[in-house]
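**Student:** Chains A and B, in that order, give the protein sequences. If you read the first sequence in the numbering used here, its first letter stands for residue 1, the second for the next number, and so on. If you read the second sequence in the numbering used here, its first letter stands for residue 1, the second for the next number, and so on.
Don't read these hints as lab results, they were simulated from the structure. Where is the CB? At the ideal position from N, CA and C, for every residue including glycine. A hint or two may mislead.
[Unchecked claim] Pair ranges (Cβ atoms, derived):
#1 L312(A) <-> P211(B): 31 to 37 Å
#2 N496(A) <-> K278(B): 37 to 43 Å
#3 N496(A) <-> M1(B): 42 to 48 Å
#4 D373(A) <-> P444(B): 47 to 53 Å
#5 D319(A) <-> Y192(B): 35 to 41 Å
#6 N496(A) <-> Y192(B): 54 to 60 Å
#7 A431(A) <-> K303(B): 44 to 50 Å
#8 I13(B) <-> V28(A): 25 to 31 Å
[Unchecked claim] The calculated lysine-lysine pairs, modelled on DSBU-like cross-linking and capped at a C-alpha distance of 35 Å, are:
#9 K457(A) <-> K23(B)
#10 K303(B) <-> K166(B)
#11 K389(A) <-> K278(B)
#12 K56(B) <-> K166(B)
#13 K56(B) <-> K278(B)
#14 K56(B) <-> K389(A)
#15 K344(A) <-> K389(A)
#16 K457(B) <-> K303(B)
#17 K457(A) <-> K166(B)
#18 K457(B) <-> K166(B)
#19 K457(A) <-> K344(A)
#20 K457(A) <-> K56(B)
[Stated by the list, open to error] Just a few of them, taken from the derived set where beta-carbon distance is under 10 Å, the chain A residues facing chain B:
#21 I151
#22 F154
#23 I238
#24 A406
#25 P409
#26 L410
#27 I415
#28 V437
#29 A486
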Amino acid sequence: MIEFVSPTLDYALLAPILIVLGGAVLGVLIEAFAPRKSRASSQLFITLATLVLSLVSLISVRDRSSSAAAMESVTFDGAGMLIQGSILLISIIAVFLLADQENFTALAAALPGSDEERASLQQDLRVTEVYPLTLFAIAGMMLFPVATDLITLFVALEVLSLPLYLLAGLSRRRRLMSQEAALKYFLLGAFASAFFLMGIAYLYGYSSSVTFAGIHSAVIGGSGNDIYLLLGIAFISIGLLFKVGAVPFHAWSPDVYQGAPTAVTALMAAATKVAAFGAMLRIFYVSFAEAYWQWRPAIIAIALITMVFGSLVAIAQRDVKRMLAYSSIAHAGFLLSGVIALSKSGLESSIFYLFAYGIATVGAFGIVTLVRDSAGEVTDLNRWSGLGKRSPWVATAFAGFLLAFAGIPLTSGFIGKFSIFSAAYESGSTAILITGVLSSAIAAFFYIRVIVLMFFKDPVEDGTSVVIPSIYTQITITLSAVATFALGIYPTPLINFIQSSAAFLR
Amino acid sequence: MNILSFLMLLPLIGTAFIALAPKTNVLLTKQIALVTTILVALVGIYMTISFDFNAKGFQFVESREWIPAFGIKYALGVDGIALVLILMSVLLTPIVVVAGWNESEGGRWSPKVFYSLLLVLETMIIGVFASTDVFLFYVFFEAMLVPVYFLIGGFGSGERAAAAVKFLLYSLFGGLLMLASIIGIYVMATRYGNRTFDITTLSQLHTVLTPMMENVLFLGFFIAFAIKAPLWPLHTWLPDAAKSATPGTSVLLLGVLDKVGTFGMIRYCLTLFPEASKTFTPMIITLAVISILYGAFLAIGAKDIKRLIAYTSISHFGFITMGIFAMTSQGMSGSTLYMFNHGFSTAALFLVAGFMITRRNSSTISDFGGLQRVTPIMAWSFFIAGLSSLALPGLSSFVSEFLVLVGTFTRYPVAAVIATFGIVLAALYILIPVQRALHGPTTPGNENLSDLTLREKIAIAPVIATIVVLGFYPSPLLNIINPASQTIISQQGFSDPAPTMSEGK
């Protein structure tokens, strides 16, 4: 007879995740019971309060670390909490973009172009489900990098993905494109999940354990069949590489970035990447560290291809959201250097880079939401020309984010790039250093081209107008711009903080 | 506060005042910029006076932790070479402000932007010469590109956007190669026990590097500096940038910013990688000689006056590079003095060219003609600037060119002899435009040109005075430079060759 052991849970450590989940459930209840008029404002309040509360509870337990918080299926350690903190901070900044309701469809269920849709627009309906959906996704993201057994990891992956599939289809304009993006994201995401599950099966077959620690000891013991380990690593990696958008598993990201409502794209590009890299770092550093000779060459190859491909293809993009998508692919390549480094400095620099990049990404997409014409956002780059003349501040902020992406000194991107490439080179990857630096040079080309368009070209006839940023969008952009430059000029406090606490508990 | 930090802070204070100034009051903005740059120049002069000629090593040293996790320090200090270049920069900036009094108007943006960029750039220029931490140097080296990029693209003329992009991409490419080398140095330093970017500590690193490693790291730095300098064949961005930028920006670009390249060769290539420097010297000397002749030939054929000046600079930078890699103390001192002098003679040429262009609304040489009769003061200024550029004895460039050639001759006689042809060509590329633009019959449309205004005279006079004074009496500068160049030569195991005449004894 199976003996049932009741689980012991450390609620204090789990609180940050539970609070977010609780906030999401509360949001669902509001959707059901609150009068339509008051929904938007109360949802925003609850979402923000939830995230802040979660952050506070995270700070209050920051000095604790334990792998026993939930029967070894999650591990709270310095690195995990830093990543959770990053996700929360980025989300808090990104949530203000959601508040700008112009981004979202009035009625998600209506067919594009149907009478129903028109009626919903006339009635001025507002979709407010986005808030609880976002909170669910954030909860998944927070669980993802601290999960230390494969089942929890998979659950976290789905919890973070499913709401994002839905959110991607809620764009107010260009409904068809948005729905196509959602479908594409869902199908390919499901595909990746399948690979991921298969990887889990192989790893279980290899180690007869689903916990990271169990796999780790099996790798050290070398008792299992190495073929299973290899296949397991390969399939798990495919699932994770899909989430981070590395070549050749990147195909979804330009379409989804373009089709999804920009506010969702911002969250997706920034926070999801942090979560996915967090999980990736953990599983590679904790479980597969001793098998590095098996996966390192493949991941190095993927990193190199991703950097070069992302930078090269971005040059050809004429749409600002697609360009940012390809740029984020290139950045995924840079970030893989941190995985390859497999060292303390690799972990620290990855966390710094993720945070810096995430913040700048939210800011950049925040600006994309502002450039509009009568039909909604204008993402065609040609029509961004002369933006600097009409709205100098918006253009300047965007240029600042682009310079950060390009890794120009005195922005956070430079410190991130420097530290992550140093870590990769320190661990012996000369190829990563050289390719990384050269593809940064390629990437600089298209960032600069956008700056030229905005500042040195004259506005086109059917030009765009920049809407006066709502207070919410202003908050997002200002916070991200300040953080981007502050981290570039004086990154020491953050680096010290990361150094003092970034470590994985095995 | 350390005087170097103060010097860097001053322009930023000026920028803050400009930001506060009302947008409509353009004059006030200009006045703030002028006062600030003059104050900076005065502090720079004061610093030069209080510099101790005889002391070795860096002076006015300041060092604070910046990013201790990576061993990065905010570390400043100057030796004779850096001091001379800082002095040149802070003296030229107020002149640029006066000469370009109206340049800031008519750009895409308001004069406030122009002067803010200019002042921020001045801070960065001082920083790039004063850094004694390799990382800090790199930060200024790269961050400097941004204000220059906007100065060219936002206030230039013609194909300014394309020129600005070309400038930025070339520089970024070089900068990123240097970043790879800097990461390499950092990792090597860490491996050998000292996690630091301090230039003095790192200059000992070459004793443990493998020759292969040293060569690769050297190339990363050298290519970046060769693009910046610019050395043939990496020079192609310069004529475009110089043609499109406003004359004032061009003065800063060619007179000051490009010196960062040759300065970097001395401070970083020679100091950090002496063996690799020796290995690559034949190649670099060859490139330098090609630059001297190539620049001169292109200058002779140039039809546009701004391009002409840019090409002459390519030739002059060939001399400077040759003098540096001759690795003799004479060559080194000559090159450093050359950098200073080139700053002033190019400034003179560009400023007068700027005056001519604003009057005629054209930069084609053949549009000028007979200026001697219509505008004698302007013509004379141009003439003196040109003579200085071709290194006529009695003008400042002569001493430096002479030192470079003598310094090179003791070790690379063939190169020195070929380079001497550069001087002959210089006579051609200066005298031909002088003859075309100043003498002969007055070209139609030039009859009513006005001569230099008081403001323009005020701008050009100190430049010409400096050129003449230093032509006759260069020793104050050489006194500052010589100890530093001897230190660099001897510290890294280079030695001055014995005079070859002794064989005849």
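**Student:** Tell me, in ascending order, the numbers of any earlier hints that this structure violates.
**Tutor:** Violated hints (numbers, rising): 3, 5, 6, 8, 11, 12, 14, 15, 19, 20, 21, 22, 23, 29; every other hint is consistent with the structure.
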